[in-house]
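Kindly generate the complete structure, drawing on both the sequences and the hints.
Chains as they are written, first to last, in numbering that gives the first Met the number 0: chain A, 0 to 415; chain B, 0 to 199.
Keep in mind the hints are simulated off the structure, nothing from the lab.
All of these numbers come straight from a predicted model, not from anything done at the bench.
Heads up, a few of these hints could be off.
Label pairs and their in silico Cβ distance ranges [said to hold, decoys possible]:
| hint | chain 1 | residue 1 | chain 2 | residue 2 | range |
| --- | --- | --- | --- | --- | --- |
| 1 | A | 73 | B | 56 | 36 to 44 Å |
| 2 | B | 197 | A | 153 | 39 to 47 Å |
| 3 | B | 57 | A | 278 | 30 to 38 Å |
| 4 | B | 158 | A | 73 | 38 to 46 Å |
| 5 | A | 126 | B | 62 | 50 to 58 Å |
| 6 | A | 70 | B | 149 | 35 to 43 Å |
| 7 | A | 70 | B | 160 | 47 to 55 Å |
| 8 | A | 59 | B | 197 | 27 to 35 Å |
| 9 | A | 70 | B | 91 | 40 to 48 Å |
| 10 | B | 56 | A | 126 | 46 to 54 Å |
| 11 | B | 67 | A | 119 | 50 to 58 Å |
To be clear about the criterion: a stretch of chain A counts as covered by chain B if any three or more of its residues have a C-beta under 8 Å from a C-beta of chain B, and this derived list gives those stretches [unchecked claim]:
| hint | stretch |
| --- | --- |
| 12 | 240–246 |
| 13 | 320–327 |
Heads up, incomplete: computed chain A residues facing chain B, CB under 8 Å, no partners named [what the hints assert, rightly or not]:
| hint | residue |
| --- | --- |
| 14 | 49 |
| 15 | 249 |
| 16 | 267 |
Don't be surprised by glycine CBs; every beta carbon is placed ideally from N, CA and C.
Listed below are the residues making up each chain.
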Amino acid sequence: MILRLAFASLSARALTVGMTILAIALSVALFLGVEKIRTGAKASFADTISGTDLIVGARSGSVQLLLYSVFRIGNATNNMTWESYQDLAARPEVDWIVPISLGDSHRQFRVMGTTTAFFERYKYRSGQSLSVAGGAIMDDLFDAVIGADVAATLGYEVGAPIVVAHGLASFTEHKDQPFRVSGILEKTGTPVDRTVIVSLEAIEAIHVDWRNGAQIPGQSTSADAIRQMTLEPQAVTAALIGTQSRLQVFGLQRAINEYPQEPLLAILPGVALQELWQIVSIAETALIGVSGMVVVTALIGMMATIFSSLNERRREMAIFRAMGARPRAVLGLLVLEAVLMAAIGAALGLALLYAGLFIGQPLIDSAFGLWLPIEPPTLREVWVLLGVVTAGAIVSMVPAYRAYRMSLADGMMVRT
Amino acid sequence: MKTLHVLVFSAVAATSAAAEDKRQLGAHEHGVGQLDIAFEGQQVAMEFHAPGADIVGFEYAPESAEDRAKVDDAVATLARPMNLFVLPAAAGCSVVQATAGLEAEADHEDGHGHDEHGHDDHGHDDHGHEDHADETTHTEFHAEYLLTCADTSAVDTITFAYFETFPNALEVEVQVISDAGATSFEVERDAPTLDLRGLF
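Now the structure itself:
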């Protein structure tokens, strides 16, 4: 009976009620959306590297090393010499070591020099390996394997020629040594998607005729001549290491950090990632706080509309009372209306969130490389929704209590 | 606390400019120990580092018989890991190998880079060092343990009785490697237990 009344009363004021519900829905969608992006970003970062025990690079900060070696964010302070790299590779604890050489680019994408071991050893999303969608892993010196996003954005297919630019934002291109796309990788949701992978020797090869960052005028070695040369890199940017046994990881890390010939830094990817979260957590908390306040604002807005509706419903309330409704019934009616509004708002907010996810998912993925999974609401989200409805009920108590006390006398009195 | 490490390096870099030889000095923070734990199969390897100040209360080379006795005591205590880092009985762990010792991180010629104490008023960096060689020596206790456990997955908590044994210790930075990857924790005197659930 009361429920029917509440529905009828809400639909009679469809416009104001609709606005209130919309405000609640938007705030709920924002709050849940922030939560989704936060957890999505964390999961996406954590999924980017697995199975690697240590990352080694020039001595800088552990977060910085992690960012430039794995996420291609920022740049290395220094390189690591090839001698040190080989020293490390020869250590008995080292099961495998994969070099990474960064610094050149192709259009907006980074070029990474490495060995074919990268394709076996690099693991993402708890142990998944890279797989080739088309073509094959590089075979020739001038072969390049490109990530899924590179292929999609630039429209490359297997066999397409590509030219690597010197540096990251430069117009000098290594035009004399064009590469050929030998393979395209499956989409991984990691920075590999946005990387052009060539062999470590190829990075040296494109610099054969270059000295001090510029091409030697008039000198151009033919591709075949370069193939004949022995190309040994001077330095690598970083290296991924897997150990024989997990028990040796800390010992090896200590040895590398105290390596006397060159200042090197070895990090545990998981620990560095945790340090990164510690840095980011302040911003995260602020974001959650702000979106929480938006929900509170929407609820207070609802309270305000109930308050103002009391005025126009003075007669209605008085008639209910005159017909024999108890004050408690009036209170119940108002609270029920508020709960209905909050519940519809919360449900609509959830619907908005999923609609937004469906539309935004590919856009966010291509713009930020962040894959937000579309999953059923988590327990935490269900609690948030219940919390909004409960808060709506509590907030409505204030105007409802006023109506409870005043409904009869107030409505019967003739005011001018 | 992280900035302190940077301080150490920059202090070293500034003073070593004149010298040809390579110099580096590890970070050293009083009150803070470091424990690395690696789980693999039934084996648990631990490596522990703590500043001498935390363990025996001084960092000069032991001079008196009393000092020497203190150090020997501490080394003997550190060689019994099960009393310091208490693993759940359900895991059925036993010590295979335990070594402990004292190592000095001395830098006599220079005696620089000691602002990591936060005792700037001592003015370590400014005054002549030759006659203060002992004062500018840092000592670190170092221990390595190898345990075997019947069931490593039962190691869901580690209780740090270490803090009761050594009243000067305030914090231990813990790094753990397990099947789930590597993570780090900070265990402090106020809450001396390490929660490892979710790592297995």
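For a quick check of understanding: which of the numbered hints are violated here, in increasing order?
7, 13
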